[in-house]
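K.L.:
Listed below, chain by chain, are the residues.
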Amino acid sequence: MSAVVDTLRLTAEEALALVERGDVSPAELHAAYLDAIGERDAELHAYLRTVEYDGATSIPIALKDVISTKGLETTAGSRILEGYVPVFDATVTSRCRQAGLSVLGKTNTDEFAMGSSTENSAYGPSRNPWDPARVPGGSGGGTAAAVSAGLAPWGLGSDTGGSVKQPSALCGNVGLRPTYGTVSRYGIVAFASSLDQVGPVAKTVRDVALLYRIVSGRDPADSTTVELSEPVELPTSERLDGLRVGVPRQAVALEAIEPGVRAAFHSSLALLGELGAELDECDLPLSFDYGMPCYYLIAPAEASSNLARYDGVRYGRRSDGATYRETVERTRDDGFGDEPKRRIMLGTYALSAGYYDAYYGQAQKVRTLLVREHAAAFERFDVLATPTSPTVAFPLGDKAADPLAMYACDLLTIPSCLAGLPGLSVPCGFSEGLPVGLQLVGPQFGENALFRAGHAVERALELDLVPERLR
Amino acid sequence: MAISRDQVLYVAKLARLELGEDELERLTSELGAILDAVSKVSELDLADVPPTSHPLAVVNAWAADEPRDSLPLEDVVRNAPAVEGRMFRVPPTT
Numbered sequence: 001m002s003a004v005v006d007t008l009r010l011t012a013e014e015a016l017a018l019v020e021r022g023d024v025s026p027a028e029l030h031a032a033y034l035d036a037i038g039e040r041d042a043e044l045h046a047y048l049r050t051v052e053y054d055g056a057t058s059i060p061i062a063l064k065d066v067i068s069t070k071g072l073e074t075t076a077g078s079r080i081l082e083g084y085v086p087v088f089d090a091t092v093t094s095r096c097r098q099a100g101l102s103v104l105g106k107t108n109t110d111e112f113a114m115g116s117s118t119e120n121s122a123y124g125p126s127r128n129p130w131d132p133a134r135v136p137g138g139s140g141g142g143t144a145a146a147v148s149a150g151l152a153p154w155g156l157g158s159d160t161g162g163s164v165k166q167p168s169a170l171c172g173n174v175g176l177r178p179t180y181g182t183v184s185r186y187g188i189v190a191f192a193s194s195l196d197q198v199g200p201v202a203k204t205v206r207d208v209a210l211l212y213r214i215v216s217g218r219d220p221a222d223s224t225t226v227e228l229s230e231p232v233e234l235p236t237s238e239r240l241d242g243l244r245v246g247v248p249r250q251a252v253a254l255e256a257i258e259p260g261v262r263a264a265f266h267s268s269l270a271l272l273g274e275l276g277a278e279l280d281e282c283d284l285p286l287s288f289d290y291g292m293p294c295y296y297l298i299a300p301a302e303a304s305s306n307l308a309r310y311d312g313v314r315y316g317r318r319s320d321g322a323t324y325r326e327t328v329e330r331t332r333d334d335g336f337g338d339e340p341k342r343r344i345m346l347g348t349y350a351l352s353a354g355y356y357d358a359y360y361g362q363a364q365k366v367r368t369l370l371v372r373e374h375a376a377a378f379e380r381f382d383v384l385a386t387p388t389s390p391t392v393a394f395p396l397g398d399k400a401a402d403p404l405a406m407y408a409c410d411l412l413t414i415p416s417c418l419a420g421l422p423g424l425s426v427p428c429g430f431s432e433g434l435p436v437g438l439q440l441v442g443p444q445f446g447e448n449a450l451f452r453a454g455h456a457v458e459r460a461l462e463l464d465l466v467p468e469r470l471r
Numbered sequence: 001m002a003i004s005r006d007q008v009l010y011v012a013k014l015a016r017l018e019l020g021e022d023e024l025e026r027l028t029s030e031l032g033a034i035l036d037a038v039s040k041v042s043e044l045d046l047a048d049v050p051p052t053s054h055p056l057a058v059v060n061a062w063a064a065d066e067p068r069d070s071l072p073l074e075d076v077v078r079n080a081p082a083v084e085g086r087m088f089r090v091p092p093t094t
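Protein sequence lines correspond, in order, to chains A and B. Read in our numbering, the first sequence has 147 at position 147, and its numbers run on one by one without any break. Read in our numbering, the second sequence has 54 at position 54, and its numbers run on one by one without any break.
What the hints contain is simulated information worked out from the structure, not anything from laboratory work. Note that this is a predicted model, so its numbers are computed, not measured. Watch out, some of these pointers could steer you wrong.
To be verified - Taking lysine to aspartate or glutamate pairs in the DMTMM-like style, the calculated list, with each CA pair at most 20 Å apart, reads:
id	chain 1	residue 1	chain 2	residue 2
1	B	K13	B	E23
2	A	K70	B	D75
3	B	K13	A	D89
4	A	K365	B	E23
5	B	K13	A	D333
6	A	K365	B	E74
7	B	K40	A	D357
8	B	K13	A	E326
9	A	K70	A	D89
10	B	K40	A	E255
11	A	K70	B	E74
12	A	K365	B	E43
13	A	K70	A	D54
14	B	K13	A	D289
15	A	K70	A	E52
16	B	K40	B	E25
17	A	K70	A	D222
18	B	K40	B	E30
19	B	K13	A	D334
20	B	K13	A	D311
21	A	K70	B	D69
22	A	K365	B	D48
23	B	K40	A	E326
24	A	K70	A	E82
25	A	K365	A	D289
26	B	K40	A	D289
27	B	K13	B	E30
28	B	K40	A	E373
Unchecked claim - Where chain A lies over chain B, by a calculated footprint (3+ residues, C-beta under 8 Å):
id	region
29	17-30
30	37-43
31	64-70
32	80-91
Just so it is clear, CB atoms sit at the ideal spot from N, CA and C, and this is done for glycine as well.
Construct the entire structure; sequences and hints are all you get.
P.N.:
Listed below in structure tokens is the structure:
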């Protein structure tokens, strides 16, 4: 069956065309991906579990394990949810099913989507298809590794501070964190509700736009959602004449950016210029200095509240104690791994009496300034460009013992997340033989401009994004 | 140190986490380092800046108050570690 299609290079758009023409049946396609998973996933561990073909009429999709799937275990990478089988589908799952997509399986994630490497998964890390000694990024490293290694044509992740964009960059995929409020979170395991967004990961910008079209739009079950202000356009143009691209001075100046990443970024800026874009420097004076501290107060504060629901009473695992309170405390100590505990503790502290104003309250005010300075930049520009990640994929274990070093992976992705803005990561070159991502950030509902810019870069570069060792 | 061992113990109590002795020690030092880093937000004078709790300027969302089916009871309790009849079973409070 695997001879039917070469899943390594197949884009979602090509797969859709194969099915439409009747060259391949949805069942054969699903089986071809399961074969590829059987062949390569023992090494990569992109999937926590896979699913047999269920009669769907179109192509398959991988879903990050924070997305509820009715009748299919959903753990968010945590022991505390081991064995939890949702009794309803997330809205994004329903929308995928309505579009005829078959769920291939659930992909690995840092526990509760907290991390930048998948090393925080209670079920063991995923590995980068370009070099299995390195991380695929995180938290959505499973989806990114799967798409990159031809184990899924496309997939959905969730992004709180960079969990779609950063792994996409580290694995050589395209990933979109959409404008806050454009994709429903109903049925998504919550981490930080004022930041969480679901986003597509794929091999091409057009595939990402296509999947965004399927999952976006208002959902009565998530009252933070809104209708898109304009329909999703699949990009076609290879020119960028008139597109105004801003390059934040303070981001480019960051010492944390590796020389190889910097070089690839600067070539992609030159390319944007050649394609007709008008480039200029811009200022985001606070975003890159204060974004991280602001995020690591707001996100843990919201996490401590969201994770209060895991008490061993209604679902998930329980560790028994003599009293109710002892049972809850023991359940949470046994069930949560180190990173969720750190964030619960940090968030609880930041919200506690006597510290609320100095930490959480102050961070919310900083957030206002970040929203304002991004809004000011978008008066002059259509798109802002930075590298997605300061580094290429790093070796497993490199940052695992130092929480602050791991937090710094999202230095460049966090500010726009706090401002609720869409961001697209597009492969823009290589450093040390590993992919580098270009982050394009737009104003609220500015996805179409991001798709247009990303598509033109992708077409002009024509990078071979199949990991060299798998070619 | 930005946070003391006693403070960590108190926060663990608020967060309903039964921390082991080794965890308590490690978290005291890790939280200290993280708090040092995030305290950077206090450098800014923000007395006149309003807080942002939500990045989109959305107004309240209303839903029609119409009765509709909820999940069947057997589904509601399906994932519970302990159930008695129609109820979640938990140990006594004292």
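K.L.:
Report holds or violated for chain A covering the region 64-70 of chain B, Cβ cut-off 8 Å, minimum 3 residues.
P.N.:
violated (count 0)
K.L.:
Given the proposed pairing of K13 of chain B with E326 of chain A, does the C-alpha separation stay at or below 20 Å?
P.N.:
holds (11 Å)
K.L.:
Is the straight-line distance between the alpha-carbon of K70 of chain A and that of D89 of chain A 20 Å or less?
P.N.:
This hinted pair holds, its Cα atoms lying about 5 Å apart.
K.L.:
Keeping to a limit of 20 Å between CA atoms, is the pair of K40 of chain B and E373 of chain A held or broken?
P.N.:
Between K40 of chain B and E373 of chain A the Cα gap is close to 18 Å, so the pair holds against 20 Å.
K.L.:
Run the distance test for K70 of chain A versus D75 of chain B: straight-line Cα separation, threshold 20 Å.
P.N.:
holds (11 Å)
K.L.:
Is K365 of chain A close enough to E74 of chain B, meaning Cα to Cα at most 20 Å?
P.N.:
violated (45 Å)
K.L.:
Does the structure keep K365 of chain A and E23 of chain B at a Cα separation of 20 Å or less?
P.N.:
violated (33 Å)
K.L.:
Is K13 of chain B within 20 Å of E30 of chain B, Cα to Cα?
P.N.:
holds (18 Å)
K.L.:
Next pair to validate is K13 of chain B with D89 of chain A; report whether the Cα-Cα distance is within 20 Å.
P.N.:
violated (34 Å)
K.L.:
Are the Cα positions of K40 of chain B and D357 of chain A separated by 20 Å at most?
P.N.:
Roughly 14 Å between the alpha carbons, so the hint for K40 of chain B and D357 of chain A holds.
K.L.:
K13 of chain B and E23 of chain B: Cα distance at most 20 Å?
P.N.:
Status holds; Cα separation ~14 Å.
K.L.:
Quick one, are K40 of chain B and D289 of chain A close enough, alpha carbons at most 20 Å?
P.N.:
Holds, at about 9 Å.
The structure does not agree with the numbered hints 3, 4, 6, 14, 16, 23 and 31 stated previously, though it agrees with the rest.
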